[in-house]
Amino acid sequence: MFYDKKLEILDVTHFNSVMLVTADVQPNRKSFSFEDGYILETTYRAFCPMESLLQLNGYVRIGKDIFIILDKKEWSDYMELYLYRCKQHFAMEVKE
0 MFYDKKLEIL
10 DVTHFNSVML
20 VTADVQPNRK
30 SFSFEDGYIL
40 ETTYRAFCPM
50 ESLLQLNGYV
60 RIGKDIFIIL
70 DKKEWSDYME
80 LYLYRCKQHF
90 AMEVKE
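One point on numbering: in numbering that gives the first Met the number 0, the residue at position 2 of the sequence shown is 1, and numbering is uninterrupted.
Watch out, some of these pointers could steer you wrong.
With a straight-line Cα cutoff of 25 Å, these simulated BS3-like cross-link-like pairs (lysine-lysine) come out [as the list claims (entries may be wrong)]:
1. 71 x 5
2. 29 x 5
3. 29 x 4
4. 5 x 63
5. 4 x 63
6. 4 x 71
7. 86 x 4
8. 72 x 29
9. 86 x 71
10. 5 x 86
11. 63 x 86
12. 63 x 29
Because the hints were derived from the structure by calculation, they are not lab data.
Input sequences plus hints: build the corresponding full structure.
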């Protein structure tokens with residue numbers, strides 16, 4: 000794995016950066032079905048060191064994009080995150 004991307008862990012209230020970790024981010028498609036027929040498709044997965052601040056339904060920023068963590072798998076020495084890209088300017092709308 001190549002930990003070549005900066006992954007900012009964001010606080011869910013104000014979307015401020017809480018911590019920076021390196022990650023191997025790869026394109027990946029995985030669908031998640033919810034009640035009432037909602038289907039979300041993740042477009043990336045990230046491999047990163049174990050970090051307790053990375054939680055399901057938490058937010059991370061990669062570059063200018065904000066992602067929500069829809070699924071998380073913990074392995075012996077790393078984590079695998081499935082990321083859904085939020086619409087552009089998502090954090091700006093939440094602050095208003």
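Cross-check of the supplied hints:
| no. | hint | result |
| --- | --- | --- |
| 1 | 71 x 5 | holds, 18 Å |
| 2 | 29 x 5 | holds, 22 Å |
| 3 | 29 x 4 | holds, 21 Å |
| 4 | 5 x 63 | holds, 11 Å |
| 5 | 4 x 63 | holds, 12 Å |
| 6 | 4 x 71 | holds, 18 Å |
| 7 | 86 x 4 | holds, 20 Å |
| 8 | 72 x 29 | holds, 14 Å |
| 9 | 86 x 71 | holds, 21 Å |
| 10 | 5 x 86 | holds, 20 Å |
| 11 | 63 x 86 | holds, 11 Å |
| 12 | 63 x 29 | holds, 22 Å |
Of the numbered hints given earlier, the model fails none.
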